[in-house]
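8 protein chains.
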Amino acid sequence: MRETLEAIRDGRMDVEEGLARFRAWPVEDLGHTQLDTHREARCGDAEVIFGQGKTPEQLVEIARAALEHHERLLVTRATPEGAARLCAEIPRARHFPLSRTVTFEPHDGTPAHGLVLVVSAGTSDRAVGEEAAVTARLHGARVEEIQDVGVAGIHRLLVHTRKLQSARALVVVAGMEGALPSVVGGLVDRPVIAVPTSIGYGASFGGLAALLAMLNSCAAGVTVVNIDNGFGAGVAAALINRA
Amino acid sequence: MRETLEAIRDGRMDVEEGLARFRAWPVEDLGHTQLDTHREARCGDAEVIFGQGKTPEQLVEIARAALEHHERLLVTRATPEGAARLCAEIPRARHFPLSRTVTFEPHDGTPAHGLVLVVSAGTSDRAVGEEAAVTARLHGARVEEIQDVGVAGIHRLLVHTRKLQSARALVVVAGMEGALPSVVGGLVDRPVIAVPTSIGYGASFGGLAALLAMLNSCAAGVTVVNIDNGFGAGVAAALINRA
Amino acid sequence: MRETLEAIRDGRMDVEEGLARFRAWPVEDLGHTQLDTHREARCGDAEVIFGQGKTPEQLVEIARAALEHHERLLVTRATPEGAARLCAEIPRARHFPLSRTVTFEPHDGTPAHGLVLVVSAGTSDRAVGEEAAVTARLHGARVEEIQDVGVAGIHRLLVHTRKLQSARALVVVAGMEGALPSVVGGLVDRPVIAVPTSIGYGASFGGLAALLAMLNSCAAGVTVVNIDNGFGAGVAAALINRA
Amino acid sequence: MRETLEAIRDGRMDVEEGLARFRAWPVEDLGHTQLDTHREARCGDAEVIFGQGKTPEQLVEIARAALEHHERLLVTRATPEGAARLCAEIPRARHFPLSRTVTFEPHDGTPAHGLVLVVSAGTSDRAVGEEAAVTARLHGARVEEIQDVGVAGIHRLLVHTRKLQSARALVVVAGMEGALPSVVGGLVDRPVIAVPTSIGYGASFGGLAALLAMLNSCAAGVTVVNIDNGFGAGVAAALINRA
Amino acid sequence: MRETLEAIRDGRMDVEEGLARFRAWPVEDLGHTQLDTHREARCGDAEVIFGQGKTPEQLVEIARAALEHHERLLVTRATPEGAARLCAEIPRARHFPLSRTVTFEPHDGTPAHGLVLVVSAGTSDRAVGEEAAVTARLHGARVEEIQDVGVAGIHRLLVHTRKLQSARALVVVAGMEGALPSVVGGLVDRPVIAVPTSIGYGASFGGLAALLAMLNSCAAGVTVVNIDNGFGAGVAAALINRA
Amino acid sequence: MRETLEAIRDGRMDVEEGLARFRAWPVEDLGHTQLDTHREARCGDAEVIFGQGKTPEQLVEIARAALEHHERLLVTRATPEGAARLCAEIPRARHFPLSRTVTFEPHDGTPAHGLVLVVSAGTSDRAVGEEAAVTARLHGARVEEIQDVGVAGIHRLLVHTRKLQSARALVVVAGMEGALPSVVGGLVDRPVIAVPTSIGYGASFGGLAALLAMLNSCAAGVTVVNIDNGFGAGVAAALINRA
Amino acid sequence: MRETLEAIRDGRMDVEEGLARFRAWPVEDLGHTQLDTHREARCGDAEVIFGQGKTPEQLVEIARAALEHHERLLVTRATPEGAARLCAEIPRARHFPLSRTVTFEPHDGTPAHGLVLVVSAGTSDRAVGEEAAVTARLHGARVEEIQDVGVAGIHRLLVHTRKLQSARALVVVAGMEGALPSVVGGLVDRPVIAVPTSIGYGASFGGLAALLAMLNSCAAGVTVVNIDNGFGAGVAAALINRA
Amino acid sequence: MRETLEAIRDGRMDVEEGLARFRAWPVEDLGHTQLDTHREARCGDAEVIFGQGKTPEQLVEIARAALEHHERLLVTRATPEGAARLCAEIPRARHFPLSRTVTFEPHDGTPAHGLVLVVSAGTSDRAVGEEAAVTARLHGARVEEIQDVGVAGIHRLLVHTRKLQSARALVVVAGMEGALPSVVGGLVDRPVIAVPTSIGYGASFGGLAALLAMLNSCAAGVTVVNIDNGFGAGVAAALINRA
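Chains as they are written, first to last, in the working numbering: chain A, 9 to 251; chain B, 9 to 251; chain C, 9 to 251; chain D, 9 to 251; chain E, 9 to 251; chain F, 9 to 251; chain G, 9 to 251; chain H, 9 to 251.
A portion of the hints provided could be inaccurate.
[To be verified] Okay, the calculated beta carbon distance ranges per label pair: (1) E:106 x D:88: 47 to 55 Å; (2) F:25 x E:171: 19 to 27 Å; (3) A:171 x C:153: 46 to 54 Å; (4) C:99 x E:106: 50 to 58 Å; (5) D:88 x B:69: 21 to 29 Å; (6) C:153 x E:14: 48 to 56 Å; (7) A:153 x H:63: 43 to 51 Å; (8) B:197 x H:10: 30 to 38 Å.
[Said to hold, decoys possible] Anything over 12 Å on all C-beta distances counts as not near chain D; from chain G, calculated: (9) 10; (10) 98; (11) 113.
[What the hints assert, rightly or not] Partial list, derived from the structure: chain A residues whose beta carbon lies under 7 Å from chain B: (12) 88; (13) 105; (14) 114; (15) 119; (16) 194; (17) 208; (18) 220; (19) 221.
In case anyone wonders, no lab produced these hints; they're calculated from the structure. Glycine residues also receive a C-beta, built at the ideal position from the N, C-alpha and C atoms.
Start from the sequences and build out the full structure, keeping to the hints where you can.
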């Protein structure tokens, strides 16, 4: 901005062009989606494509366009067909079927700093946990996972106490009664990001029970993301880990 | 019933009187409330009066009528005025202000059998826990209480593991995220009755969050009563304890 | 624990090994799910596998691993394919299609003690009732069932009054308005476990109407489990029956 | 209308007056509320004033205006102050404090036809039951009440079976689990109007539990009105009774 | 009952048999469902089978058993396959595909008395309206239907005012904002049974919007049944019409 | 009306015919749906057919009947099969697959006045935006669209500020947190119609989150339509644009 | 902006000052609230103060500050004390107690253009209607009100049909079932803004029933604002009226 | 633990004492509440007392006990009476009336590191923002606040962009539509903790609207705490800031 003003002062740019510049934002139109090509510079993060509802053709086209401007790309909620097509047509695609994610990274991978710990309560919560783990890793975090440590077998969790306390940020994933983040939050003095999952039936109401439980956690320092939103938790954990 | 039929067969009773008898049920009318005077015989339990919305005068009148047929009487949700009046006008009344209960027992008390353990998560959950404890004791159970063992300080609970495992039935009271019954349920092989409380704010929605969490408990053997329903939990625990 | 401390005192065990022992918990990793191999000893209960969302292959693998440590195994929410595969590949599998359960028991069966009575309101509630019945039986209870005794034909229920009063614990299953547990609870002085089902339409909201009705039951001694949770009710009833 | 057209045809009325007549509706403006003075003729019913939110002065003014056109007047949800003022200032006012209603009738009362039976489950449901009873009587029905016949003591209800079957229409009032209308509906072949009350606590959610239960009643022939809406039930029952 | 007592008095029956008779209720077991064979005598109504969730084979078997005791039979929520099978295998079956009902009547039909008017707001509400109409007719009512008279074109409704006022009972069916019963209720002095339908999208929440609107109707005399419950409305209307 | 009265006065029409005329409303019966053939005259708008739940045959029949009385016709929520059939069988049909709309216009199109701006937040919100745009255009508005301007990249929206301020009415479409209408509403002094979409997952609850957010918008001048109701927003915007 | 750039080009302003200007926004800090003093110029509207939760002292201070920059000021949700203080201390204050609004206008008032019609269903809805009317008038609209035209007495509304059709924008206020906007929307071809009120009881759930009904209105062209939000409706109507 | 084992090995401690030690947890009983006196050591944080529902006497007693073990103490939700009593009786108490907090710090205060930025949308959201700010500061963070930057005046927020980007963690507080965290989240690459407030009316449902909006934020990196939970947000932000 200063540069533009100086150019106008110096007569190197006329007023009309200055006005146009101020109005020109780094936006590129692809027909489907506007890509903000400055984002990686601004945030140092990977570009992300939300795969749900996109055809395999659209996915490939958008991914190719994104990879012209970014070294790292994450596709979430990829359909099996979309993932297969991405892997077949674009080099270095890596598919994680459990979490329905596809990643693209440079040849030398992504540097891994700090430690984000992803803890999931039940077998069925692993998919969401993996989405958080893949996301955090692609945003520059070293990631480890602890699984099957539901609160009804509290000793399974307690054996990991030291590990829990070594993380910079924790993502805790649980469905049903959503109690795990409260217990973990009481064991550590680090930020805990709670992810409710839609695992459960009847009065779980698609994850609402776990969501409400987590929002009412008696452990201070616990924050919450949307139901099944492993991606959001992974980004938040990576941001904390990076600080 | 057999007796009546035999009397009819033997001509000691005519048909009209027989019909009338079949229709006559043990019900007595007091103006305010019909009292079922057979209940103690049938259930072996104390008579119970729900105090809320009743004037001190009504409370005293109903309690007096009940004590003509019962040795033990429990008044729940008594207003301070109602409790004071009961204590002033009827002998052997005992008031528990925290839980808003008033009890009446014979001179030699109530025999205490087995063990019902009432566990409450936070300071604010104690009132509901006391209602459960008073109720269970008046229905013939030996009762102990463990307090302030919320899941965010899990070690506070774990020191009581042996005690927890010694109960015949457990009442576990918690507000906020309502996680305590799941943890307790995983430590014992006894029936756990979960009581959600309305303690909490915001998205606790008056205890809904804790209620849903408890209904979705991953610990099998946990059953749930209504929000703040210490009385119901106490009755259920006493019934289990008595079996 | 005492044993370990004595071994350390006596020099038979060094401190490092003692520390390791304290940290070593009875946990075994199978890739899919951690199995707690001490549970049967602790609880005297069958191992349980939640079948939903597992492939037939996973089911067989997990069931085989469990049967190495347990004599009795219960698979709930088994898909037809999963159930067929279990019956084909593992001896002594028994399939209950209505309730989607598969059981494994020793040659001489499971001893049946006491009496758990499973009462269901409508034809459609039977599946959930059967899940409760199968579960309670596999946890050591003698079980009987009463069916099609909805409250709109109250006489159908009343003919069973004596039977109802003979049970140690009752499981009462109802959808729609969920009124049956209140009526049953008024007829017996035993613990009643209410199971709301998702049977109904419109404003039943997937069982919410029945759930709320049961939580608000005017009959003391009624506790509630999650919608369609016949399994949880069966475990709780067996625990009460065993006491 | 025919009359007006004939008058125009015969030249007894000009077109402008005819147009005006078609547009003139029987509406009178009082400042607070438009009174439809034709209603009694059309419906044969009492005029009704909703008392809530009106000052004693407004109540008296509106009641006086109404009584110029109607012989019978019903004031619902009257505040104690409003009721007292009405009784003090207008002759033949009769106050029912439990249901917060005030009635005005001609000297020779209101003829009472048929039979509307108002059945209420608990002591606390009586106020709503009385509102229904007062309303139905003022709309020309003979009314009887049965009280304290909750479903947890089913025998209390069953002794009234013959009486229940003798009514032309039944109003059944219940809070908490709202099960009574289903049981009553199974005992009679007459229309049953169910009134949920806000009696209850916790997960009764201000009467929502009872409302949902009644809407899901398994007894055909049961219809439902709003929570605590004794007035609406009374009107509907009177309309059925009159048919 | 009197008969039995007299027989005992007269020595024509011994006490044991008398006891047995009192306990023997008219209940027959078919494996799937207990049929109450006394119902028609008691209620004068058709037997009803809820078709949803039943196989064609079950439907035919239950229908045949019911027709041994009843002259009139109504099957609701019949699947196309079930309806086809009923029509193919049992004489006098009549299928109404829009409302998914199948009826069985005697050769000389069912006498039609009074007038039940079924009014539906939109094209999509007709199916529920037809269920109400078929049900009411099979329960002895003369039935007429008025269709496509939504409140946004109020003149379409007003042309039917005289017809509306001629009915003994009205069933008013509407989805979306559910406003029609209020308008109809203001035009007639007859009982109006409102049926919310699940027609609508977004914030209609499966008919909840219409249900709440109808429960809050400002027109007195309106009662409500469950969402899409044309059957319940038809039974209630027939009961009113018969009175 | 005056005309009819004058004819009666002048003896050119007899009273019976006058009565008939007053009762004759412009309504035509097609079997499926009553068409109000006066609507275009009254409203100056296109006829609209709601396609959902109609067979291709019904759609074609209703569309043909409508086109006899209207020049412009809009079919919303058309199934792919229905749209294909309409395009194949009726001239000048135009299909917009994204929004599932089909339009029919005169050869010389529809005059376009003023400016309605349709702004959508995310890629997935475009379908609803297109429905609004097509609807507004067919009701006589000039329409432009701005897409992919979600609030998390606020600069993408701000570049369009001048364009936003040039519209007569704005339709703002957003799912997820539904924040866009508040931001747009703060930038313009024109009426903003907010359309929540069902885009989102978990606690979006099918668009409820966006709906509530929009209803609580802190920007005055924002009004809201139902979830995914692009059609309703388009009509409202066209009415405003026309004023 | 152009002006600033030209000044820089011409050397009349240096770059630092230009940068500062771009960053300087028209914002003034009063301690309590930032006032945007450019708003009237931008929007041509009155300044608005939300009175709820502010002390009389704060209200007076904020109002005085606002009146330095604005000729017209609207205070909504003023407490009685706050309103009295404003009237006592600031000239030309005008208090509307029913709607809890206070207005300030220039000596020659506010020009009144077009016609906004505010229609309210019941007596209790008038307060919200007045808030809408006062707001619209202060934003430059000529306003008229129609009251007590609930849908259960549809003829009361129909006499106003011509008046309804003469407005540029309509605000329709209703509680309970919220049906009035649908009926009005069917009578006019103008934008209708529906305002649900919290009037009602039981299942009105504080206005939720009316809100949902309005969102599901079958009349196209109806848009909705928040419960009791007469202010928002008034602003939107004035914006439409002005167009 | 190792120490204890070594003492046992070395014979300096016998087995019984070792067992006792393992069972002895750092818990102290005060009658009202168990205080965990090790917490500050473990977490480096202030002790916190939840003031709501405690009498002034209890508050002073608990605070005194806590200050024996902690240098810093935070009392939240203090009643005015409780706060006054604390300030009168204990030195160095500091009261923040807007947020109802009272703090106790050592003479030399609390070191302030990093930067936590607390951003609040409206005037009414400041109280919750202050609770977050006070909490974060007492947990060791340097804190700044930005106020009155609601999204409907987006330029007020944008002038702070550089400041926003300089924080280590941001707490964003908003009621009504809760849109601010999404906009802020799009401007920074730091963790954003969103706090919904109960500010709003009607369909805000006590903060539910803002809560759902924040959970559905389209800006990755946003996590959410309970409604009005400034304390929880402050703790989480301080933990992130400290990392």
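Violating hint indices (sorted, rising): 6, 12, 13, 14 and 15
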